[in-house]
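*Asks:* Sequence:
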Amino acid sequence: MQTDNLLLLDAKTVAALYDTDLFAWANTNAELLRRGKYDQLDVGHLIVEIEDMGKSEFRALESHLQNVLMHLLKWHFQAIKRTASGQQSIRNGRRAVAKLIRDNPSFLPKIQSVLNDEYAAARDDAVFETGLPTNSFPDACPYSVDQVLAEDWLPQQG
7 MQTDNLLLLD
17 AKTVAALYDT
27 DLFAWANTNA
37 ELLRRGKYDQ
47 LDVGHLIVEI
57 EDMGKSEFRA
67 LESHLQNVLM
77 HLLKWHFQAI
87 KRTASGQQSI
97 RNGRRAVAKL
107 IRDNPSFLPK
117 IQSVLNDEYA
127 AARDDAVFET
137 GLPTNSFPDA
147 CPYSVDQVLA
157 EDWLPQQG
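The numbers in the sequence shown follow the working numbering, run straight up by one, and end at 164.
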């Protein structure tokens, strides 16, 4: 959509783009914001999308922490199968978490809660990947936030 045509759009027309062409909708609203044409914005969908951006970032944090926990459990409780690849998976996950925290500092106070919430799924994944029985792993997360986030820390054999 040409930017000169933006002046002709009303908010209802802009809102209709949301369901038909999300890319055009996003670019149109961005241009309207740049031009200060606030009365033409699709405010309702903008609110939804902004909230979803935050939720998406938080879900990424949860996913990366779950993955780091799973790999730490495998490293800890199946020491015989430790590999450089497993260690690299832990490093990659930690880097992703660090980047999310750097970009979203308000996540840091929530890390302990996320570890508690994601531990059961991480343990289930470790059970599946290792073939070890569930009772091979602790019921609660055995690692502190500092340990999980530490760049070079790895658990010793359990």
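Take these hints with a grain of salt, some might be off.
Straight-line alpha carbon distances no greater than 27 Å define the calculated DSSO-like cross-link-like pairs of lysine-lysine that follow [said to hold, decoys possible]:
1) Lys116 with Lys87
2) Lys116 with Lys105
3) Lys116 with Lys43
4) Lys105 with Lys43
Estimated spans, in silico, between C-beta atoms of each pair [what the hints assert, rightly or not]:
5) Glu157 with Ala66: 39 to 49 Å
6) Asp109 with Phe134: 50 to 60 Å
7) Ala22 with Asp152: 43 to 53 Å
In case anyone wonders, no lab produced these hints; they're calculated from the structure. No experiment lies behind these values; they were computed from the predicted model shown. Note that beta-carbon positions come from the ideal geometry of N, C-alpha and C, so glycine has one too.
*Asks:* Next step is simple, just say for each hint if it's right about the structure.
*Replies:* We went through each hint and held it up to the structure:
Taken as a hint, the Lys116 and Lys87 pair is broken in the structure, with Cα atoms around 32 Å apart against an allowance of 27 Å. Between Lys116 and Lys105 the CA atoms are separated by roughly 15 Å; this keeps the pair inside 27 Å, and the hint holds. Restraint check for Lys116 and Lys43: the C-alpha separation of about 37 Å exceeds 27 Å, so the hint is violated. Among the hinted pairs, Lys105 with Lys43 is inconsistent with the structure: their alpha-carbon atoms are about 34 Å apart, more than 27 Å.
Hint check: Glu157 to Ala66, Cβ distance near 19 Å, so the stated range 39 to 49 Å is violated. For Asp109 and Phe134, the Cβ-Cβ distance of about 31 Å falls outside the hinted range of 50 to 60 Å, so the restraint is violated. Restraint check, Ala22 to Asp152: a C-beta distance of roughly 50 Å satisfies the suggested window 43 to 53 Å.
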